[in-house]
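Going line by line, the protein sequences match chains A and B. Residue 2 in our numbering sits at position 2 of the first sequence, and the numbers go up by one each step. Residue 103 in our numbering sits at position 103 of the second sequence, and the numbers go up by one each step.
Think of the hints as simulated: they come from the structure by calculation, not from any bench. Honestly, I wouldn't trust all of these hints.
What the hints assert, rightly or not - So the derived label-pair ranges between C-beta atoms look like this:
1) B/Glu63 - A/Pro10: 33 to 39 Å
2) B/Lys55 - A/Pro10: 37 to 43 Å
3) B/Gly61 - A/Gln1: 17 to 23 Å
4) B/Ser9 - A/Pro10: 23 to 29 Å
5) A/Ala17 - B/Lys55: 45 to 51 Å
6) B/Ser15 - A/Asn22: 41 to 47 Å
7) A/Arg60 - B/Leu68: 41 to 47 Å
8) B/Lys66 - A/Gly93: 27 to 33 Å
9) B/Cys13 - A/Glu15: 38 to 44 Å
10) A/Asp78 - B/Gly61: 41 to 47 Å
11) B/Trp10 - A/Pro10: 22 to 28 Å
12) B/Glu63 - A/Tyr39: 27 to 33 Å
Quick reminder that beta carbons are idealized off the backbone N, C-alpha and C, glycines included.
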Amino acid sequence: QKEVEQDPGPLSVPEGAIVSLNCTYSNSAFQYFMWYRQYSRKGPELLMYTYSSGNKEDGRFTAQVDKSSKYISLFIRDSQPSDSATYLCAMSGGFQKLVFGTGTRLLVSP
Amino acid sequence: GAVVSQHPSWVICKSGTSVKIECRSLDFQATTMFWYRQFPKQSLMLMATSNEGSKATYEQGVEKDKFLINHASLTLSTLTVTSAHPEDSSFYICSASPIGYQETQYFGPGTRLLVL
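Generate coordinates for the entire structure from the input sequences, incorporating the hints supplied.
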């Protein structure tokens, strides 16, 4: 079993839809949770950073962490075609080394 | 803020040559930088962790004599792929953690290496 599981997609939605992206993990030591967006042939861009459980909102993006269920989510409201990218979840247990999910490819059609 | 650059953005070389890739944090200092490799449609694979002024820590299965890492300053780390072979063709990405925010990594744009 992988430490971090993420559905590779692709996930196709129409413009304006609410998108839900998820990851599950097995290591209870993880405390830091991140979401990165990666466009094709580019480096990952940090979108959201969360410590421990709870919600965090930034514009159209909301990150949720449920440590009891070992489940994290990223919600994108009013999705735009420019949101089409691969979204990677990442997490660490406080020793800097990040463990990544495989990434979910999101396609937002106009 | 938190911008990381990489140079070159892409490189084509002949088999047997060495290639150096630079990673710079432009607007912050980073005691720790990381080097990743990414194959098409796959996630990032950590190759090594580089701390300023000390030897890099390599992940299992990564040849330290083939992938030389130097972290000479708080804003620069270099990865040299020595005696490159076609199987070394990949997308190499670095990241850097700002001092005081060591659980956060900011990534560079990546370097695409093609070995002929």
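Here's how the hints hold up against the structure:
no.	hint	verdict
1	B/Glu63 - A/Pro10: 33 to 39 Å	holds, 35 Å
2	B/Lys55 - A/Pro10: 37 to 43 Å	holds, 41 Å
3	B/Gly61 - A/Gln1: 17 to 23 Å	holds, 20 Å
4	B/Ser9 - A/Pro10: 23 to 29 Å	holds, 26 Å
5	A/Ala17 - B/Lys55: 45 to 51 Å	holds, 49 Å
6	B/Ser15 - A/Asn22: 41 to 47 Å	holds, 42 Å
7	A/Arg60 - B/Leu68: 41 to 47 Å	holds, 42 Å
8	B/Lys66 - A/Gly93: 27 to 33 Å	holds, 29 Å
9	B/Cys13 - A/Glu15: 38 to 44 Å	holds, 42 Å
10	A/Asp78 - B/Gly61: 41 to 47 Å	holds, 43 Å
11	B/Trp10 - A/Pro10: 22 to 28 Å	holds, 26 Å
12	B/Glu63 - A/Tyr39: 27 to 33 Å	holds, 30 Å
Of the numbered hints listed earlier, not one is contradicted by the structure.
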